[in-house]
Amino acid sequence: MSEPMVKAEGVHKRFGRLEVLKGITLQVMPGEVMCLLGPSGSGKSTFLRCINHLEKINSGRLSVDGELVGYRQVGDRLHELRESEVARKRAEIGMVFQNFNLFPNMTALDNVTCAPIRVKGTSRDAAAARAREELARVGLPDKLDCYPAQLSGGQQQRVAIARALAMDPKLMLFDEPTSALDPELVGEVLQAMKRLATEGMTMVVVTHEMGFAREVADSVVFMDAGLVVEAGSPAEVLANPREERTRAFLSKVL
Amino acid sequence: MPSAEVTDSEGRPEDIRAVPVRRPGRWVAAAIVLVVAVAVVRSIVTNPHFEWSVVGNYLFDERVLEGLRVTIELTVIAMAIGIVLGMLLAVMRLSPNPLVSGGSWLYIWFFRGTPVLVQLLFWYNIAALYPKIALGIPFGPAFVHPNANTLITPFAAAILGLGLNEGAYMAEITRAGIISVPEGQADAARSLGMTRLQTMRRIVLPQAMRVIIPPTGNETISMLKTTSLVSVIAVADLLYAVQNIYSTNFKTIPLLIVASIWYIVCTSVLYVGQYYLERYYGRGSSRDEQGPLAGRVLRGVLSFTRPGASFRPSGGEHR
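So the sequence lines, in the order shown, correspond to chains F and G.
Take the first sequence: its position 10, counted from the start at 1, is 10 in our numbering, and no numbers get skipped.
Take the second sequence: its position 73, counted from the start at 1, is 73 in our numbering, and no numbers get skipped.
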């Protein structure tokens, strides 16, 4: 049995006095697509941000690909990782945001080539060739020279996916990737994500798209108030939820 | 009764052609402005005390041009110091380390809190405070210790006074620019593996420039004129040069006009530079392409005179 890609044990996160995560324990295996569901404020996005250390956890253990996130264990003591080490690990984890967060002063092509050139030291030509490939794969081969403001929301989010993929991540995090989109544009983004899933990418997806969860996810985790309420296969959790809280939530969104 | 849909010969819907609303107030206001403008121009042309021939004689006088060179040099060097220092202070101010951000706060507090003229006089008289300036290990041995009077010439005092003061203002302008960039931009950059420094340099600062440039243009124009203060510490700038001339020939007004003309020429050049800088850093911010400056101004004027058009130029030059 292989090592889990993401392993969380009793992960706690506080913002001041507000406890957002109250002990999250879960595992994501390589190649698995996990959907995190739950009401707003349940801590799904915060947990996602903890995985690539955009947020620091307060207690518990969180590791990616067998290595602790943000720390190094020497004996039984934890040492904080240096900024450059954290950055190197983040470079291996792609993240897609609800608001796209494309760099508005760069063209689509520059958005995708920026990190490979600056972070990995890829040559400009190689990065551009790769970027063209990735943009073509998300269906935007003709938008290379467009600025984000000239693209629709769905196109922007697909550029953001291409930008993350150009770094060859071993894990992709999606933070409500379709929540800021018109209903009509949701499909094109989900399509790109579906293709990625079938290619075997390990994905953790915070979403409200039940259809996507049912169709694509290998496992579904329902969170509420900073805790995992229920986890299992989509068939179990979505079709036959055991917990009352899960049932109440699903009856509202389905 | 005519149909609501009016089409032209090619079947396209026709633009509405209506009688514009009468606006008598505008005509009265325009007439007043015109009368005042004519009166001012007439006075400038007919009042013999302007002595335009003297202005013409001295406009390209060697001493005036030398003063102009010093003024431009002071402006460029002081602004360069101000911008670099401001950027450093702004980043320090946003540091999580309280000593670093506190130090930056203290600097800004002090240099914004005292008049730049006082600061200039201070640097000019620095030798009274520190007769020798030593460069070496703090609290340890010094490697060089030149005399303050030879190191801090009037020109150096002017540069220090103007540049260090400007740094405090530029720090606040830069900080405003940095915090105007949405946090998601830094999240995205860091999630791609950029370090804090790379994120700042490659992602945040270029976007902050859009917010930083207009007030920096303001500061540069303001600096060009503030340099005239250095005449009090005997730096031979533009104002100092014309003062020198009129103290011997008593043509005070014409020579002040000479100085004013050169100041206004320089600020006008800066306007054009600022326009192109703004356009460069505004890339991607608008869906439509912007043409060269002259074309946009011309379009603004044309839309003003076009019959039926509103009195406000529709081109973007009315800010």
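If you're looking for bench data, these hints aren't it; they were derived computationally from the structure.
Among these hints, one or two may not hold up.
[Stated by the list, open to error] Stretch by stretch, here's where chain F covers chain G in the computed footprint (C-beta under 8 Å, at least three residues): (1) 131 to 137; (2) 164 to 178; (3) 278 to 285.
[Unchecked claim] Some chain G residues flagged as far from chain F (calculated, every beta-carbon gap over 12 Å): (4) R23; (5) V40; (6) H49; (7) R63; (8) A128; (9) L192; (10) P206; (11) Q207; (12) M209; (13) R210; (14) P215; (15) G217; (16) S231; (17) I233.
Cβ coordinates follow ideal geometry from the N, Cα and C atoms, glycine included.
Any hints from earlier that this structure breaks? Give me their numbers in increasing order, please. 1, 2, 9, 10, 11, 12 and 13
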